[in-house]
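Model the full structure from these sequences, guided by the hints.
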Amino acid sequence: MGDAAAENGSAAERSRGNLPPLRLHVPEPRFRPGDQVDYSHIVVPPAGAQPRPDETCDPVETKPLCVDLIRVLDDEDRAVGPWDPKLNPETLRRKLRMMALTRAFDDRLYRSQRQGKTSFYMKCTGEEAVSVSAAFALDRDDMVFPSYRQQGILISRGYPLEDMVNQIYSNRADKLKGRQLPIMYSARDYGFFSISGNLATQFPQAVGWAMASAIKGDTRIATAFIGEGSSAEGDFHAAMTFAAVYNAPVVFNVVNNQWAISSFSGFAGGERATFAARAEGYGIAGLRVDGNDALAVYAAMRWAADRARANGGPTLIEHFTYRAEGHSTSDDPSAYRSVQESKDWPLGDPIRRLMRHLIALGEWSEEQHATMDREVAEQVKAATKQAEKNGILGHGLHHPFHTMFEDVFEELPWHLEEQADQAIRERATKWPDWRPDQVEAPK
Amino acid sequence: MIEEEPVSLADAAARPLNMIEAINEALDITMARDPDIVILGEDVGYFGGVFRATAGLQAKYGKSRVFDSPINECGIIGAAVGMAAYGLRPVPEIQFADYIYPGLDQLVSEAARMRYRSAGEFTASMTIRSPFGGGIFGGQTHSQSPEALFTHVAGLKTVIPSTPHDAKGLLIAAIEDNDPVIFFEPKRIYNGPFDGYYDNPSKTWKAHPGGQVPEGYYNIPLGKARIVREGSAMTVLAYGTMIHVAEAVLAEKGIDAEIIDLRTLVPLDIEAIETSVKKTGKCLVIHEATRTSGFGAELSALVQERCFYHLEAPVERVTGFDTPYPHSLEWAYFPGPVRIGEAVDRLLKD
Chain H
61 MGDAAAENGS
71 AAERSRGNLP
81 PLRLHVPEPR
91 FRPGDQVDYS
101 HIVVPPAGAQ
111 PRPDETCDPV
121 ETKPLCVDLI
131 RVLDDEDRAV
141 GPWDPKLNPE
151 TLRRKLRMMA
161 LTRAFDDRLY
171 RSQRQGKTSF
181 YMKCTGEEAV
191 SVSAAFALDR
201 DDMVFPSYRQ
211 QGILISRGYP
221 LEDMVNQIYS
231 NRADKLKGRQ
241 LPIMYSARDY
251 GFFSISGNLA
261 TQFPQAVGWA
271 MASAIKGDTR
281 IATAFIGEGS
291 SAEGDFHAAM
301 TFAAVYNAPV
311 VFNVVNNQWA
321 ISSFSGFAGG
331 ERATFAARAE
341 GYGIAGLRVD
351 GNDALAVYAA
361 MRWAADRARA
371 NGGPTLIEHF
381 TYRAEGHSTS
391 DDPSAYRSVQ
401 ESKDWPLGDP
411 IRRLMRHLIA
421 LGEWSEEQHA
431 TMDREVAEQV
441 KAATKQAEKN
451 GILGHGLHHP
461 FHTMFEDVFE
471 ELPWHLEEQA
481 DQAIRERATK
491 WPDWRPDQVE
501 APK
Chain S
3 MIEEEPVSLA
13 DAAARPLNMI
23 EAINEALDIT
33 MARDPDIVIL
43 GEDVGYFGGV
53 FRATAGLQAK
63 YGKSRVFDSP
73 INECGIIGAA
83 VGMAAYGLRP
93 VPEIQFADYI
103 YPGLDQLVSE
113 AARMRYRSAG
123 EFTASMTIRS
133 PFGGGIFGGQ
143 THSQSPEALF
153 THVAGLKTVI
163 PSTPHDAKGL
173 LIAAIEDNDP
183 VIFFEPKRIY
193 NGPFDGYYDN
203 PSKTWKAHPG
213 GQVPEGYYNI
223 PLGKARIVRE
233 GSAMTVLAYG
243 TMIHVAEAVL
253 AEKGIDAEII
263 DLRTLVPLDI
273 EAIETSVKKT
283 GKCLVIHEAT
293 RTSGFGAELS
303 ALVQERCFYH
313 LEAPVERVTG
323 FDTPYPHSLE
333 WAYFPGPVRI
343 GEAVDRLLKD
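Just so you know, the protein sequences line up as chains H and S, in that order.
Quick note: the first sequence uses my numbering, first residue 61, plus one each step.
Quick note: the second sequence uses my numbering, first residue 3, plus one each step.
Please note: incorrect hints may appear among the correct ones.
[What the hints assert, rightly or not] Residues from chain S shown here face chain H by an in silico Cβ test under 10 Å; the list is partial:
id	residue
1	Y101
2	P104
3	F124
4	L270
5	T277
6	E344
7	A345
Note that these hints are calculated values from the structure, not bench results.
Note that the Cβ used here is the ideal one computed from N, Cα and C, for glycine as well.
Right, here's the structure in full:
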């Protein structure tokens, strides 16, 4: 070591007076497996107490709302305050049904994965209000750039359940030709962008789509969803900056479900500030909303969508919610968090809360709810049965072999033609009776 | 869409343009033809780009079609992916190829795979223009040739012109292509051909046949190489700046080489390569980029796989060294006449 190195070397070699040694802060969640959960640190403000500025307000007026929590459903299951969207009972019942259908779909497809019918599945249990309410608040042709937990939007927009299952099974009827991991849907006709497994990439893309809509003088807006964990990606900053610079008609949603696989929100900066508070730094509107309150989510999304549509610019919404189950079928959350967390979540279950509200209105009953649960379960069951006729993963009923090489480019270049020939030759060597155009492999 | 090769250039009035002017003209012509084309990038708007490639376009087509962007390549390419999903045909500029890395995820994981992963529901029809290569004392952050990073990615096309004439026709074809295209512009030859003799006075494109650029619309199909010079002593495979260096060295040595300008690396004109190497029996591959895992390795492997029994000598590779591009020792790094000359001598020694 030279002199300079010695001077800058270890603490023992240095004499720095009475300066304290520097310490690295590594965030730690409050509760680990086996811990008693105490949610007294989570401030749950009373429903109805949050002011609702005009949609065209200066972004700075939303600043208090970025650290508050917009809530509509109160402890007596009434809808109260200026954010009450005053939806009619029929709409509320439809929303409730879509949320229940989403949960039923998740439950059944999760089991399908466990039964070996596919490789992977991701549930959105506990977060149904976010996606379903968003779908109801947006126009049908507004473009959604989802993450992997917005199946509720696809379901609410009427995408056929059977096609979802076909995709999950990567079978011969899969519209994505068996190329994508289960649940990475793409549904252009339903305004639902192709889901990426690389997180946060959809955020700048949504801005680009919104910019294009503005360039063309269109009236459609874009909206994007991201988890609080992946809001740490550079793409988030890129998206915020571009949206602010060009005043893009886009609604950003950070679904803060507290957990990114095993990393709690503190690893995305959640210990320091709310995720909605980031809006202020970019000079855009921000809202923080009770993500388990289907009416509050609807109201916030509608506010932001109307603002964007009126050339008022982008809004960042933080949906404060809880990931009630594992990250995916490949995850066991009991290994890193207390099981009590989910049960005691102070904002409750979004479906139960909406159900109780409808009951309080005299527009619903426990019996009707039980009947609905049976109906949606049957609906999902019928869709899976139908989809299974097209095959399940690994059982031979897949798209014709050559499709593996298609769509890399618009036209197949010579090197892909050669590689396709190779792949087909390998197949034929393994199964001499096999024909390249068949969709079912020999037993 | 490229339906045929409408290079009926015999009648078109040609005049000398430098490569920047040719690129500017290609952008102008395509923007006039297709209202869905938009240009975004750092300094491309009012100012017209640091190399002036977009000069005058904002004034002509308006601020909503040609505009400056934040200094954020992830955002530039990410937004372009979203614009393409909407139905626009963005032509983003990355100011230097060296700056493209913050946008790699958007390019590699998103643009390149959009058609495939959505089974054709969404495409990423965009052309990313970016000046690349050294020879201008740009140091390690303004001199790189990262083309092999992109040729390695399924779903991207990579195009590199070597003359103003080709730059215009290839850029028009790239913009009209429905797949994402990386269009690398060899900035050393923006203003004139460069033969590698850096001590000599620089030349302009005026006296070079490749500087004669036809007026109006024409395209050069992607995937078609150009035989720069026919010959029988050896086949030289190169692109961009190195075409001119190779030409000068081989002329100086009086060697009857066949020089092929690949023009497009993906899709590659394998037929032109095979035909030539089978004829000459010798192959020299030249690029400015670093050597290990460079595109020359791919070319060398292809020639070996397809022309082995016609080869009379091992395939030679001349490349930049596997170091960052140095500033003061730029010309020691650059694969210039001496390095190429040595390889030529080795190829011809028996």
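query: Which hint numbers does the structure go against, in order from smallest to largest?
result: Violated hints: 1, 5, 6, 7; rest satisfied.
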